[in-house]
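**Student:** Residues 20 to 162 in this note's numbering are what the sequence shown lists, from first letter to last.
Simulated from the structure, these hints should not be mistaken for laboratory data. There's no promise every hint is true.
Stated by the list, open to error - Listed next, with one range per pair, are the computed distances between beta-carbon atoms:
#, residue 1, residue 2, range
1, K60, P110, 37 to 47 Å
2, H105, G154, 35 to 45 Å
3, L82, K44, 14 to 24 Å
4, A47, A109, 20 to 30 Å
5, P29, R56, 35 to 45 Å
6, G139, T101, 36 to 46 Å
7, K118, Q90, 28 to 38 Å
8, R61, W96, 30 to 40 Å
9, H94, R56, 22 to 32 Å
10, R83, G139, 27 to 37 Å
11, N108, A47, 16 to 26 Å
12, D74, N98, 21 to 31 Å
13, D159, W96, 18 to 28 Å
Unchecked claim - With a cut-off of at most 30 Å between alpha-carbon atoms, the simulated DSS-like pairs for lysine-lysine come out as follows:
#, residue 1, residue 2
14, K76, K141
15, K52, K99
16, K99, K60
17, K76, K24
18, K60, K44
19, K60, K73
20, K44, K118
21, K76, K60
22, K99, K118
23, K44, K24
24, K118, K24
25, K99, K44
26, K76, K118
27, K24, K73
28, K141, K73
29, K73, K44
30, K24, K99
31, K99, K73
32, K60, K141
33, K99, K76
34, K24, K52
All residues carry an ideal CB built from backbone N, CA and C; glycine is no exception.
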Amino acid sequence: MSESKRCFLPPLAELIDRLTVDQIKEIAFQGEKPAIREEIKRIEHDLDTIIREKDIKLDARLLRVIIALAQLNLHIWNNKETMESHRINAPDRYMELLKLSHQLNGIRNQLKNHLLVISGDKDAASLRSNFNTDGLDGWDISI
Numbered sequence: 020m021s022e023s024k025r026c027f028l029p030p031l032a033e034l035i036d037r038l039t040v041d042q043i044k045e046i047a048f049q050g051e052k053p054a055i056r057e058e059i060k061r062i063e064h065d066l067d068t069i070i071r072e073k074d075i076k077l078d079a080r081l082l083r084v085i086i087a088l089a090q091l092n093l094h095i096w097n098n099k100e101t102m103e104s105h106r107i108n109a110p111d112r113y114m115e116l117l118k119l120s121h122q123l124n125g126i127r128n129q130l131k132n133h134l135l136v137i138s139g140d141k142d143a144a145s146l147r148s149n150f151n152t153d154g155l156d157g158w159d160i161s162i
């Protein structure tokens, strides 16, 4: 793999988001680790390339955004697993959990927008517009 040639085209924010989900998959899917690990390796390569090319500095705010994004992705993952167990026998609970996933995805998109700004990729086309949390209480993140 070339030192500066990227494997993926998405911006830093999308790659970090994908990496956090792949980390969840690496633990959750025991049998598919080689494919997941290969994708993680390629994402790491692209992240290193972007960080080097854009001279992105690691600071506390960047760390907090990445940690919060990883935590949200894990919560969304676990919520969706719970949703599946309620799909047939408890449709009202399923709908509550579906709404929660939508709301959490709004926070996730806010965090990805922060990463777009940090990485200098903030333009109208790349910003995530679905960031409404529809009255979600208790999920205020001070970033």
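**Student:** Could you run down the list of hints and mark each one as holding or not?
**Tutor:** Each hint, compared with the structure:
{"no.": "1", "hint": "K60 to P110: 37 to 47 Å", "verdict": "41 Å, holds"}
{"no.": "2", "hint": "H105 to G154: 35 to 45 Å", "verdict": "21 Å, violated"}
{"no.": "3", "hint": "L82 to K44: 14 to 24 Å", "verdict": "22 Å, holds"}
{"no.": "4", "hint": "A47 to A109: 20 to 30 Å", "verdict": "23 Å, holds"}
{"no.": "5", "hint": "P29 to R56: 35 to 45 Å", "verdict": "19 Å, violated"}
{"no.": "6", "hint": "G139 to T101: 36 to 46 Å", "verdict": "38 Å, holds"}
{"no.": "7", "hint": "K118 to Q90: 28 to 38 Å", "verdict": "19 Å, violated"}
{"no.": "8", "hint": "R61 to W96: 30 to 40 Å", "verdict": "21 Å, violated"}
{"no.": "9", "hint": "H94 to R56: 22 to 32 Å", "verdict": "24 Å, holds"}
{"no.": "10", "hint": "R83 to G139: 27 to 37 Å", "verdict": "19 Å, violated"}
{"no.": "11", "hint": "N108 to A47: 16 to 26 Å", "verdict": "23 Å, holds"}
{"no.": "12", "hint": "D74 to N98: 21 to 31 Å", "verdict": "37 Å, violated"}
{"no.": "13", "hint": "D159 to W96: 18 to 28 Å", "verdict": "21 Å, holds"}
{"no.": "14", "hint": "K76 to K141", "verdict": "17 Å, holds"}
{"no.": "15", "hint": "K52 to K99", "verdict": "21 Å, holds"}
{"no.": "16", "hint": "K99 to K60", "verdict": "26 Å, holds"}
{"no.": "17", "hint": "K76 to K24", "verdict": "21 Å, holds"}
{"no.": "18", "hint": "K60 to K44", "verdict": "14 Å, holds"}
{"no.": "19", "hint": "K60 to K73", "verdict": "20 Å, holds"}
{"no.": "20", "hint": "K44 to K118", "verdict": "23 Å, holds"}
{"no.": "21", "hint": "K76 to K60", "verdict": "21 Å, holds"}
{"no.": "22", "hint": "K99 to K118", "verdict": "11 Å, holds"}
{"no.": "23", "hint": "K44 to K24", "verdict": "26 Å, holds"}
{"no.": "24", "hint": "K118 to K24", "verdict": "40 Å, violated"}
{"no.": "25", "hint": "K99 to K44", "verdict": "14 Å, holds"}
{"no.": "26", "hint": "K76 to K118", "verdict": "36 Å, violated"}
{"no.": "27", "hint": "K24 to K73", "verdict": "14 Å, holds"}
{"no.": "28", "hint": "K141 to K73", "verdict": "13 Å, holds"}
{"no.": "29", "hint": "K73 to K44", "verdict": "29 Å, holds"}
{"no.": "30", "hint": "K24 to K99", "verdict": "35 Å, violated"}
{"no.": "31", "hint": "K99 to K73", "verdict": "35 Å, violated"}
{"no.": "32", "hint": "K60 to K141", "verdict": "26 Å, holds"}
{"no.": "33", "hint": "K99 to K76", "verdict": "34 Å, violated"}
{"no.": "34", "hint": "K24 to K52", "verdict": "25 Å, holds"}
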